[in-house]
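Guided by the hints, dock chain B onto chain A, whose structure is given.
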Amino acid sequence: MKKYVGQRIKRQEDPRLITGEGRYVDDLEFPGTLYLAILRSTVPHAKLNRVDVSDALKINGVVDVITGLKFKVENRPDNFPMASTELLYVGQPIAAVLSTDRYSAYDALDSIQVDYDVLPSVIDPEESLKDQKRAIEGKSNIAYKKTYSSGNPEEKISSSDVKVEEKIEINRVYPSAMEPRGILSIYQPDLLTIYASTQSPHYMRRYLLDVFGSMVKDIRVVQADVGGAFGSKLFPYAEDYIAVYSSLKTKRPVKWIATRSEDIRTTYHGRGQIHKVKFGVNKDGSLVGINDQLVIDLGAASHGTYLADISATMLPGPYKIKDIVVDVYGVYTNKTPLDQYRGAGRPEATFVIERIMDIAADEIGMDPLELRKKNIVRETPYINPFGLKYDNGDYLNLFEKAEKAFRGLEERESVLRSEGRRVGAGFSFYLEQNNFGPWESASVRVRGDGKVIVIIGASPHGQGTATGIAQIVADELGIDINDVEVVWGDTSLIGEGYGTYGSRSLTLAGNAALIASRKVKDKAIRLAAQFMRSDVQELKYDDGKVINPKSGESMSLREIAAKSMSTLGGTWNYKEEPGLEGTAYFGLDNLTFPYGSHMALVEVREDGLLNVLEYYAIDDIGTVVNPMLAEGQVMGGVLQGYGEATSEEVIYDKEGNLLTGSFAEYGILTAMEAFNIKWEYLEKGKSAAPLPAKGIGEGATIGTPPAVVRATEKALNKRITRLPMRLSSVI
Amino acid sequence: MKVIEPDQKTKIHLKINGKDYETEVEPRRLLVHVLRDLGFTGVHIGCDTSNCGACTIIMNGKSVKSCTVLGVEADGSEILTIEGLAKDGKLHPIQEAFWEKHALQCGYCTPGMIMESLWFLSQNPNPTEEEIREGISGNLCRCTGYQNIVEAIKEASTKMKANPK
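Protein chains in written order, with full-length UniProt numbering: chain A, 1 to 731; chain B, 1 to 165.
Here chain B stands alone, though its shape is the one from the complex:
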C-alpha cells in the first residue's frame, strides 16, 4: 500500500469528455473540486451533505454525485460533464428540451439535473411522469417547481427515441 503523508499529493489520471488529464491531488480532495480545478466549472456545489445533486456527472457510465467521490477514487475513470454534452456545437436533445420548455431559471441546478436526466433516460427511455419525478428526486431545484423540468425530460425522451444515436 502506498503511504501518503499529510500535504503530499498523488498523481491521478482521468479521461474527461474524451480528453486525457493527469493531475496531482491530495488524497482527501473531492472529485468535484478536482473537476472544477481542471476548469469544468459547470459541475456545481450546492450542499455539503450530498442532498442537492448540483455536482452530478457521469462516471464510467453511471451518474454519480461528484461530491461523494474522492479524486483518487476516480483515478483511471472516464467522466462526462455538462461541458462535454453538446457535440460539434449542437445541443443534446435534453439541453434543447430544457431551453424549449423553460426548465431552468437561475441555472445553478441545471447541469446536474441534465446529467441525471441523461443517465435516467439511458435506463428508462420510456418513462411515465411518476418515474421521471422519482428519477430526478436526488436533484434539488429551488426555482422551477420541477413542472417544466419534468416536461422537458418527457419531450427529450420522445425526441431521443425518434432520433436514436
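Just chain A, same shape as in the assembly:
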C-alpha cells in the first residue's frame, strides 16, 4: 500500500537546519586543531624559481609551512597539489601554513617570498587551439581530440535547402555553493578520520587511499552537513591532499576552510564550451545534417574532457538527426581547471541543439515548435547516432501538452507587444541523460524497539533524498514514516557506495533501499514463522505485519523485533538466524533519459535588464516520490539556468587575471531578479527500476537557458548565440 510515495511529505532533514544545529565542516572542532591557509598563485603563468618561508615560520602561532608537495594523481597537472616548478593559473596552491589560529595563518601567508618569472599566458580557448603559445610548458595545448561521427553530414548539408553556420558560446560559470569547500583531517596512528564538505565520502576515501595508503592503514571519511555542491564537491582537489598530508606530518587535526575568494579561484569551474556549427535544413522543416566543432576550455588540467564527450553524444537530443559529426578538442588554458557543474555536458548539448532548432525555424520561416515536432523522436527505445539508447518515454505527448501552454504565452506575448513592450516568449524541449552509476547501496536495519534505520551509500546534501527514501521504506514495510531514519555519509556505516551526483540518488539508492526492505520483509516472515510456530509458506507480510490468513494470527514488525530482543543472556532457541537486516546494491544497465519542456515570457526593460513575466516547466521523470522535493529541484535549477543565461560569467582579462574573484563581482541572483515558476510533471516515461523513477536534480539547468535566450531573442528581434547573453552588447 502506498501511503507516502507520491506525497508532499515535509523533510526530515529540516529541524536541525532551521535551528542552527546543522554541523557543517567548519562547525566541527577537535582539541589541538591547526588551521591551514594556502598561499596561491596571483599570476596565470610563470616559472617558479624559489619559495622562501623563513619569515613565515617566525610568526607567533605558526607550527609548520609546507612547500613543493607533489603527488601523482590522474589527469592533474605535474605541479599538483602544489606548484613546485610552474605556476599554471591564478589560485593554484604554492605553499601551506599551519597555525594555531586562523588569523595568524593568513598573516603568515604575507611573509612568504615567491620568486618567479612570468611566462606568456594562454587564456582564449580558440587561441589555445592554434597551439602557438603554450599554457603548460612542454605540452601541446591540445589535451584531447576525438571525433564522433555518424552518417554523411557533409553531403546532407550541401544538398539541403538552407545551410546555416553559427558560433555558439557557453561561458565558464562558478558553481557557487553557499558553503565554500572545506576539510578537517584528524590524525590517529593508523587511522585518519576526515570530515569533509563532499558529495561522496566513499569515493573520497578511495582517492585519498590511492595516495596515502602507504602512510596510513585506513581513512574514514565522514560527510559533514554540506552547504550545496552542484557537482563541484565530487572530484579530488589539491586542498584535500594538502590537508591530509599536513595532518599526517604534524600528527594533529588540520582544518582547511576556503574563503569565498579562494573558492571562486579554485573550485572547478563549469561549462566553458564553444561550438562552431554548420547545419542543413530543408524547407519542410527536416534537419538533415549537423557538423559541430566543439572546443572545451579545460583550464590547466585535463580532468574535464568527459564533459565534452557527454555534450557531443547528447547533441542530437530528442531529435531524429542521423547525419552528424562532432569534432571535439579539449584545450589547456591558464585558468582554473574545468569540471562538472549541475547538468555537466547536457546543458551545453541542449543549448546548442535548441539554438539550432530555433535558428533553423527562423531561416526557413517555420514555427519553431512545428519544426521540432517534425524532427522529434516518436518511438522509444531509440538508439541515437552515437549509440546512446534512449530508454522510455512519450516525447510527443509531453511536447503537445507543453505546446498548449506555450500558445497561451504567445497570445500574451502578442498582446503586450502590441502595446509596444519588448516582450518575447521562448520554448525549449530537452532530453536528459542521468542516473550515472554504476550502482548504489542501502542497508535497512530494524532495531529492537521497532525503529528502522536506513543507511545509504548515496550522500545527499540538500536534495532531501533522505525524506524520499524514508517514504519508500515506510511504504514497503507498511510502517509509520516517523519510525524510519535515513542516515548517510560515513564510510564506516556501509561497505561501499558512490555518492550523490548525476541525478541518481533517489533512483539508485532508493531502489537499493526498496530491495533491502524486501529482504527485511522476507526475514520478518521467517522469524515470525518461528515465533508463531507456523509454516513460512502459510505467512505473508502485509501492512507492517506478518499474518497467517488461515488462523488470523499476526505479529507486527515491531513485535517481531521486540521478541527477537526480549532477553539479555539466555539462549536463542529458534531455527532461524536472529536479526532483521537487509542490505542491497542496485544498478541499472542503462542510464535513464528523462525529458521535459521549459517556457518563458520575458520583457527587456528600459535599463536593459530582463523581467520574467511567466515561467512554466513540465517534466517527465518517471515515478515522482515526493513532488515537493522534485519541484524544489526545478525551482532552484531554473534560477541557476537563468543566472547562466543572464548574469553569471567567470571573466578573465586578456592576461589571465580573474576579474570575477568574489561575490561582489560574480553575479549570482538575489530574490529581486528571481521569479515564480509553475511546474507540472508526467509519470509516463518510467525507468526500468522496481521503483521506476528517473531523476530531476539537473533537468531545470538544462531546460532553462535555451528557453530564456529564445524569449529574449524574440523580445529584441536579434539572434543570440551566447551564454550569458550580455544584453548590453546585444541591445
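Treat each hint with caution, since some may be false.
Stated by the list, open to error - 16 Å max Cα-Cα, derived EDC-like pairs, lysine to aspartate or glutamate:
| hint | chain 1 | residue 1 | chain 2 | residue 2 |
| --- | --- | --- | --- | --- |
| 1 | A | K10 | B | E96 |
| 2 | B | K9 | A | E21 |
| 3 | B | K90 | A | E21 |
| 4 | A | K678 | B | E151 |
| 5 | A | K10 | B | E100 |
| 6 | B | K87 | A | E21 |
| 7 | B | K9 | B | D75 |
| 8 | B | K15 | B | D48 |
| 9 | A | K58 | B | D7 |
What the hints assert, rightly or not - Far from chain B, some chain A residues (derived; all Cβ distances over 10 Å):
| hint | residue |
| --- | --- |
| 10 | I18 |
| 11 | G22 |
| 12 | D26 |
| 13 | N60 |
| 14 | T67 |
| 15 | T85 |
| 16 | V164 |
| 17 | E165 |
| 18 | P189 |
| 19 | L209 |
| 20 | W439 |
| 21 | N548 |
| 22 | G569 |
Rather than coming from a laboratory, the hints here were simulated on the basis of the structure.
Just so it is clear, CB atoms sit at the ideal spot from N, CA and C, and this is done for glycine as well.
Same frame as chain A, but now just chain B:
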C-alpha cells in the same frame, strides 16, 4: 584611548540569546568569528565581501551581517542568533513556515535568511511579495530559487499577525 599591542587581546562582554558571555578577543577579530568561537555555529560564513548574508544576526534590535562588525565594536551588545529563536523547544513561526514551505535545501543560507526575515517582518508585518523580495535581497540562496522562501515569509507574516506575542 586604550592602546592594544599586536597579539594582545581585549575583554568584551556580550549578551547572546539572553545569556551573558565575557571573552577575550583580538581587536581585529570579526564578530562572526567571535560568535562561532563561543559555539554559535549556526552563524555561517558564505563570503568575504558582505554580499551573502549567511552571518546575519540581530544586534541591539537590528539585523546586521556579523562579518561586517568587529567583536570589540559589539562590546556590551545584545545579540540574537538562530540558536536563540525557538523558545522552550517550540519553533518560531518563521522556522515553522520555512519547514512547511520547503524553503530550504542545503540549509547553509537558512539561519541568516530566517534572522533577516525576523527583522524584516518586525519592520513590515504586512509585506507584499515585492517587498519581501527586496527585504531579503541581501541574503543569497543558491538552492531554492527563493520562491518557497518568499512563500514562507508570507505564511509566517500571516501566522504572526494571528498570534502576536
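Hint check:
Taken as a hint, the K10 of chain A and E96 of chain B pair is honoured in the structure, with Cα atoms around 11 Å apart against an allowance of 16 Å. For a cut-off of 16 Å, the pair hint linking K9 of chain B to E21 of chain A is broken: about 29 Å separates their Cα positions. For the suggested pair K90 of chain B and E21 of chain A, the alpha carbons sit about 15 Å apart, so the restraint of at most 16 Å is met. Using a Cα cut-off of 16 Å, the hinted pair K678 of chain A and E151 of chain B holds, with the two alpha carbons roughly 14 Å apart.
Taking the CA atoms of K10 of chain A and E100 of chain B, the gap is about 7 Å. The hint holds against a cut of 16 Å. Of the supplied pair hints, the one linking K87 of chain B and E21 of chain A holds, its CA atoms being roughly 15 Å apart against a limit of 16 Å. The hinted pair formed by K9 of chain B and D75 of chain B meets the criterion: a straight-line CA distance of about 13 Å does not exceed 16 Å. At most 16 Å may separate the alpha-carbon atoms for a hinted pair to count; K15 of chain B and D48 of chain B exceed this at roughly 25 Å.
Proposed proximity of K58 of chain A and D7 of chain B is supported: the alpha carbons are some 14 Å apart, at most 16 Å. Interface exclusion of I18 of chain A from chain B breaks down, the closest Cβ pair being 4 Å apart, not more than 10 Å. Not every Cβ of chain B is farther than 10 Å from the Cβ of G22 of chain A; the closest lies at roughly 5 Å, contradicting the non-interface assignment. With a least beta-carbon separation of about 7 Å from chain B, D26 of chain A fails to lie farther than 10 Å from that chain, contradicting its non-interface assignment.
Not every Cβ of chain B is farther than 10 Å from the Cβ of N60 of chain A; the closest lies at roughly 6 Å, contradicting the non-interface assignment. Distance check on T67 of chain A: its Cβ is at least 25 Å (rounded) from any Cβ of chain B, clearing the 10 Å threshold; non-interface status holds. Distance to chain B confirms T85 of chain A as a non-interface residue, since its nearest Cβ pair spans about 30 Å, more than 10 Å. Separation of V164 of chain A from chain B is adequate, the least Cβ-Cβ distance of about 34 Å exceeding the 10 Å criterion.
With a least CB separation of 36 Å from chain B, E165 of chain A remains clear of the 10 Å interface cut-off, as annotated. No Cβ of chain B approaches the Cβ of P189 of chain A within 10 Å, the least distance being about 29 Å, so the stated non-interface status holds. Every Cβ of chain B is farther than 10 Å from the Cβ of L209 of chain A; the closest lies at roughly 28 Å, confirming the non-interface assignment. Even its closest Cβ contact with chain B, about 25 Å, leaves W439 of chain A beyond 10 Å, as expected for a residue assigned away from the interface.
For N548 of chain A, the non-interface assignment is confirmed: its Cβ lies about 42 Å from the closest Cβ of chain B, beyond the 10 Å cut-off. The claim that G569 of chain A lies off the interface holds: its Cβ sits roughly 38 Å from the closest Cβ of chain B, which is beyond the 10 Å cut-off.
Hints 2, 8, 10, 11, 12 and 13, counting from the list given before, are not met by this structure.
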